[in-house]
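Asks: One-letter residues, chain by chain:
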Amino acid sequence: MASDLTPKVELRGVRKRFGSKVVLDGLDLTLGRGESLVVIGGSGTGKSVMIKCVLGILKPDAGQIFVDGTEVTRLRGGAREAVLRKFGMLFQGAALFDSLPVWENVAFGLIQGHGVPRRKAKDIAVEKLGKVGLGPEVAMLSPAELSGGMQKRVGLARAIAANPEIIFFDEPTTGLDPIMADVINDLIVATVKDVGATALSITHDMVSSRKISDRIAMLYQGKIIWQGPTSEIDNSGNAYVDQFIHGRAEGPIKMEVRR
Amino acid sequence: MNVFAAIGRVVLNFFSQTGRLTVFTADAVSGVVRPPVYWNLIVQQMIRIGFFSLPVVGLTAFFTGGVLALQIYNGASRYGAETFVPVVVLVGITRELGPVIAGLMVAGRVAAAIAAEIGTMRVTEQIDALTTLSTNPIKYLVVPRIVAAVISMPILVAIADSIGVFGGYVASTEALGFNGAIYLNNTVNGVTYDDVSSGLIKAAVFGFIIALMGCYNGFHSKGGAQGVGSATTNAVVSASILILAANYILTSVIFSHG
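In order, the protein sequences belong to chains B and H. Note that numbering that gives the first Met the number 0 gives residue 42 to position 43 of the first sequence, counting from 1, and the numbers run on in steps of one. Note that numbering that gives the first Met the number 0 gives residue 8 to position 9 of the second sequence, counting from 1, and the numbers run on in steps of one.
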């Protein structure tokens with residue numbers, strides 16, 4: 000039984016490489032119970048790889064991953080599915096199933112993963128759609144009929160449908176206009192609070208990071224190079240963090256640009 | 000030095016692909032006997048794979064049967080053996096052309112569609128989403144398609160056999176002056192259990208190959224639209240080649256006693 004002090008998710012020395020490219024290089028990260036952590040970092044720094052390793056979509060080459068104090072690094076089959084029932088995930092492109100109507104997308108995890116009857120799952124789906132500001136008329140539409148912002152909201156409704164203990168947000172505001180991005184940020188804050196979940200978000204949107212996080216960590220070259228409370232991000236004393244949060248081309252982080 | 004490196008890469012790639020396909024096939028086959036079984040998806044896929052392939056397979060079988068009758072008549076008439084046309088058409092269609100033509104047509108239609116659908120799901124992270132929703136993508140996406148194809152193909156080929164023989168009948172009676180009743184009589188008297196059953200066994204194997212290649216290539220597609228395009232092409236090409244290779248092996252095995 001995990002105590003209140005046991006981290007909800009913990010990564011210890013996680014390594015992952017693709018061919019000769021090292022993406023995660025001994026990554027250590029702890030996600031406390033009930034906190035909202037945002038991991039920032041440039042494109043291609045391994046943020047998505049990190050959460051895919053936690054979810055078991057990718058297998059780390061080395062290191063350990065714990066959920067509620069139990070090691071889950073090499074879990075497969077039914078044991079992995081049992082751990083995944085604790086998670087909800089909002090994908091960058093929403094990743095809605097185009098062959099299913101909106102309500103069935105939202106209810107998918109309830110029906111397939113939790114064995115909830117379809118009729119009851121549909122009622123829950125409509126209720127969750129309401130929580131993200133979408134009316135019941137949207138439930139019967141196909142995902143292809145929705146705008147990008149609406150798809151993100153449906154993805155959010157799907158992520159919270161089964162009242163998960165942990166929710167991952169992968170670039171939740173990427174590709175949205177600033178107003179819709181702020182709407183999604185507000186929804187993330189409200190729904191995480193409502194469900195009482197622990198949240199891990201990855202993004203390079205600093206406005207979003209400041210709004211949705213209690214704590215921020217920065218990933219660079221496969222390692223966490225700085226972490227601290229959101230209120231301290233402007234006084235981190237770390238040149239890499241300063242360059243990133245102010246979006247400067249000049250600084251210790253060199254982008255590979257061919258002229 | 001570079002030549003050796005290139006050869007090494009090709010060899011390594013071959014073994015890694017073979018290993019990946021073997022693991023994928025084992026996962027898919029073991030998924031058939033492990034719950035949950037998605038019956039509604041199996042029925043849905045049987046309609047897509049079997050029912051919607053009927054027009055194209057039926058038309059192909061009809062014309063193939065007709066052409067077969069014309070060509071066999073052309074050869075047989077040189078030896079005064081025209082009366083063998085009905086039975087040779089029957090044997091040609093049921094043992095070889097029915098299953099092979101249907102297999103190749105369904106490979107073009109269905110393997111491509113499966114690879115494109117699953118490939119798009121892969122590149123848009125829908126397969127990852129299935130995993131996060133505690134659903135095994137192999138059981139949910141691959142197993143129903145394989146089971147549906149293995150059941151649908153023999154049914155499709157049985158219908159194709161009938162239409163192909165009918166095509167031979169139409170060509171023989173309309174273009175070659177055969178008596179319809181005698182043609183049918185010779186066909187019915189000439190049919191054996193082995194002729195039909197061997198074709199249906201082949202059809203089930205071809206169905207497995209088609210669905211497996213479509214799913215495998217879609218599942219391992221990379222990148223965006225180009226990756227899905229490559230997966231679709233690879234699915235059709237690999238399914239077609241494997242169907243022809245499997246046909247040779249099955250023919251050798253099934254008819255080795257005779």
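Just so you know, the hints here were simulated from the structure itself, not pulled from any lab data. Don't take each hint at face value.
[As the list claims (entries may be wrong)] Straight-line distance between alpha carbons at most 27 Å, and here's what the computed DSSO-like set of lysine-lysine pairs gives:
hint, chain 1, residue 1, chain 2, residue 2
1, B, K210, H, K221
2, B, K20, B, K253
3, B, K85, B, K58
4, H, K221, B, K58
5, B, K210, B, K222
[Stated by the list, open to error] Partner residues aside, some chain H positions facing chain B, computed with beta carbon under 10 Å:
hint, residue
6, R33
7, P35
8, T119
9, M120
10, I126
11, L132
12, S133
13, N135
14, Y139
15, D193
16, T232
17, N233
18, V236
[Stated by the list, open to error] To give a feel for the contact side, a few chain H residues facing chain B, derived at Cβ under 10 Å:
hint, residue
19, T123
20, D127
21, T131
22, Q225
23, G226
Each residue gets a CB set at the ideal place from its N, CA and C atoms; glycine is no exception.
Asks: When the hints from earlier in the document are held up against this structure, which numbers fail?
Replies: 1, 15, 16, 17, 18, 22, 23
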